[in-house]
Amino acid sequence: MKRTAAALAALSAIVLTSSLVPGAKAEEKKPYKIYLSNNFVGNDWRQQMLRIAETTVKKPPLAGRVDLKVENVETTTQAQINSLNNIIRAKPDAILIDVGSPTALNPTIEKACAAGILVITFDQVATADCAYKLESDWNRIPAVQAEWIAEKIGGKGKVFVDRGLAGAPISEQLQSGFEKVLKNYPGIEIVGYFNGNYALGPEQEGVASLLAAHPQVDAILTQGYGSGAIKALQDAGRPLVPVAGGGYNTASLVCAQTEGAECILETNPAYLSAEALKLAVDILDGKEVKDKHVFVYGPFLATDPQPSKLYPDVKMEKIEIGKNAFPDLAPGLSLPITPDWVEITPQEAAGT
Amino acid sequence: MTMTTIDRPKPASSHPAPDAQPRPAATAGLRAALIDRASLIIPCVMLVALLALYGTLREGVFTIDELNLDTAAAMTLILAATGQTIVLLRGGIDLSIGGMISLGTVLAATRFGTDPAQATAWAIGIVAIGGLVGALNGVLITVLRLQPFLVTLATWSILSGAAMIILPTDGGSLPAGWMRFGFANWLGLSSSVWLLILLLAFWFWFKRTRLGISIRATGSNERSALLSGVSPLRINVATYALSGLFAALAALYLTTQTGAGSPTIGKDYILPSVAAAVIGGISLFGGRGGLVGTIIGAYILTIIGNLVFVLEISSYWQPIVSGIILLVAVLASSIAEKSARRSLT
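Chains as they are written, first to last, in our numbering: chain P, 119 to 470; chain Y, 32 to 376.
Among the clues, some could well be false.
[To be verified] Derived SDA-like pairs (lysine to any residue); straight-line CA-CA distance at most 25 Å:
| id | chain 1 | residue 1 | chain 2 | residue 2 |
| --- | --- | --- | --- | --- |
| 1 | P | K349 | P | E377 |
| 2 | P | K187 | Y | W348 |
| 3 | P | K209 | Y | D96 |
| 4 | P | K151 | Y | G91 |
| 5 | P | K229 | Y | G260 |
| 6 | Y | K298 | P | L283 |
| 7 | P | K151 | Y | R211 |
| 8 | P | K229 | Y | A83 |
| 9 | P | K148 | Y | E343 |
| 10 | P | K177 | Y | S345 |
| 11 | P | K408 | P | N386 |
| 12 | P | K229 | Y | V174 |
| 13 | P | K209 | Y | R211 |
| 14 | P | K187 | Y | T145 |
| 15 | Y | K298 | P | F158 |
| 16 | P | K209 | Y | L98 |
If you're looking for bench data, these hints aren't it; they were derived computationally from the structure.
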């Protein structure tokens with residue numbers, strides 16, 4: 119009796135779902151086996167990225183669709199190669215990789231592709247032709263920030279620019295991205311550079327020493343948080359000026375809670391992992407994806423959102439307590455929290 | 032098995048004047064040999080135990096395919112650890128292999144081009160640079176009477192800097208034919224396995240050469256070796272040159288796996304190369320152990336990674352298990368050494 123009832127229930131469930139979901143086939147019921155290979159867990163961003171991946175596969179629309187296995191490896195290329203070789207032998211449907219080197223995994227990735235496995239590199243992407251590459255648009259990010267800052271100071275004034283971390287390719291890309299846009303404003307002069315090293319301390323110290331040398335500054339473009347620059351201005355007893363920074367809870371809180379602060383924060387969402395999962399499921403479901411280079415456009419967070427002339431479709435959110443600044447959550451929480459196609463709470467993202 | 036006869040240090044080494052008293056040659060010799068073999072028997076037992084566990088968890092572990100895969104995964108470490116083994120036998124240590132491996136990969140990735148002749152010339156050139164840099168280490172250590180640790184720490188830093196200048200971030204490219212090396216196959220065995228066989232052949236030849244014997248003797252007891260007329264400069268230059276040369280070979284092998292250069296990748300092999308040797312029963316104080324042990328050590332470290340994967344436990348267990356195995360190996364070889372001393376007095 120019981121068994122028949124269960125069978126009937128299961129059957130009706132299948133009939134129901136297949137009639138509700140157009141084109142759903144019986145074989146799609148089996149969850150896709152997807153591995154996530156990650157080579158570094160030493161910062162808040164990566165840990166949030168992993169938490170979001172684990173959370174996303176438990177919630178609609180991906181709930182029940184993915185059998186996710188996360189493989190964290192030591193930060194060595196050899197460890198990631200060996201781990202990927204093990205993953206390939208487990209014959210998954212897809213591998214999502216946050217790579218430790220843009221090139222050194224390529225032969226292994228090609229091997230995975232040759233074995234019929236879908237490979238999506240995300241966040242730190244690989245150059246292998248057969249792999250999908252999902253990342254933030256690092257050309258658009260500095261351009262939009264520089265434009266916002268330049269407009270804010272009326273196209274003229276003296277500014278400081280953050281060089282990031284010496285030797286890191288992304289630093290060069292962001293710095294030249296700032297400079298390219300600032301050049302369009304003849305009234306703007308870059309009077310000082312500092313190395314913010316993507317950490318609050320160096321950012322604050324870098325700005326502080328430039329402040330000591332320059333009696334006038336009208337805006338500061340950081341590659342890091344922005345809140346370090348604001349602290350430096352306050353410590354030096356100087357008026358607050360518009361600041362470009364990064365979308366972390368600590369920065370958005372300072373921007374939201376400091377009287378007179380003007381900020382534009384870029385975001386490199388930690389939910390890139392969720393986007394990679396969705397992309398994998400879409401492709402495995404047979405959806406056509408024309409370009410293997412997929413950009414995720416996280417919204418900018420600003421104290422005063424403005425339209426962009428350079429990228430008219432850019433999304434900009436106002437910085438507000440409770441929406442993108444959370445006094446009761448970890449300062450290292452990366453913003454924004456969730457993509458719009460799934461609902462992840464700030465608590466889930468923060469792991470609290 | 033041939034393994035058991037390998038790498039037996041002379042019992043005399045830890046005992047300056049063994050001929051001073053009559054000894055029961057046969058029994059003492061046998062006991063010493065057994066105890067001496069313990070340092071190799073222990074890693075063998077560990078490898079067999081790990082393989083047995085691994086074999087119950089995954090299909091096809093005891094196949095040629097598995098051997099090919101694991102050898103490819105371990106080969107860069109094995110090559111780097113070969114040089115390290117020779118240096119450890121001498122009683123030294125070579126940190127500069129980290130810099131040399133990085134330098135080797137960036138030179139290969141930026142200079143090989145697409146012309147096979149040019150690639151071959153540069154490959155030989157990289158090995159030569161490895162040998163020369165190592166020789167320089169040997170000269171500095173001998174002439175300036177500096178600690179090998181400090182000298183090679185300095186050259187590691189210098190070589191890393193040079194690698195950064197040549198290629199600031201991961202990249203470059205290698206000829207497609209170069210990368211096919213890893214896929215080559217002969218009699219079912221991959222090129223990596225053949226390379227391993229070649230390496231073993233080299234070792235069985237080398238350890239019996241005058242140089243091989245002198246390196247071990249100097250590592251066992253520097254004073255008596257020097258008194259018997261071994262030139263310290265010659266020994267140190269040869270020891271560290273070989274280490275540099277094998278680091279360069281490790282770099283070249285690594286590029287067949289990665290297809291790219293990296294100015295930072297070499298540091299990942301420094302301590303594992305020492306760990307593989309120590310797990311394989313090589314003494315950090317010189318004179319004891321051999322390449323077979325080191326190779327077993329490298330396989331142990333590699334198979335731990337596979338095991339952690341098939342057990343589906345967090346991969347952070349890999350360094351933990353590796354560390355425990357290292358401790359067991361060190362403990363075992365220290366016990367073996369103590370009983371060896373006791374048995375000889």
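Hints, one by one, checked against the model:
| no. | hint | result |
| --- | --- | --- |
| 1 | P/K349 to P/E377 | holds (12 Å) |
| 2 | P/K187 to Y/W348 | holds (16 Å) |
| 3 | P/K209 to Y/D96 | holds (16 Å) |
| 4 | P/K151 to Y/G91 | holds (21 Å) |
| 5 | P/K229 to Y/G260 | violated (54 Å) |
| 6 | Y/K298 to P/L283 | holds (20 Å) |
| 7 | P/K151 to Y/R211 | violated (29 Å) |
| 8 | P/K229 to Y/A83 | violated (28 Å) |
| 9 | P/K148 to Y/E343 | holds (21 Å) |
| 10 | P/K177 to Y/S345 | holds (23 Å) |
| 11 | P/K408 to P/N386 | holds (23 Å) |
| 12 | P/K229 to Y/V174 | violated (49 Å) |
| 13 | P/K209 to Y/R211 | holds (23 Å) |
| 14 | P/K187 to Y/T145 | violated (39 Å) |
| 15 | Y/K298 to P/F158 | holds (16 Å) |
| 16 | P/K209 to Y/L98 | holds (19 Å) |
The earlier numbered hints that this structure contradicts are 5, 7, 8, 12 and 14.
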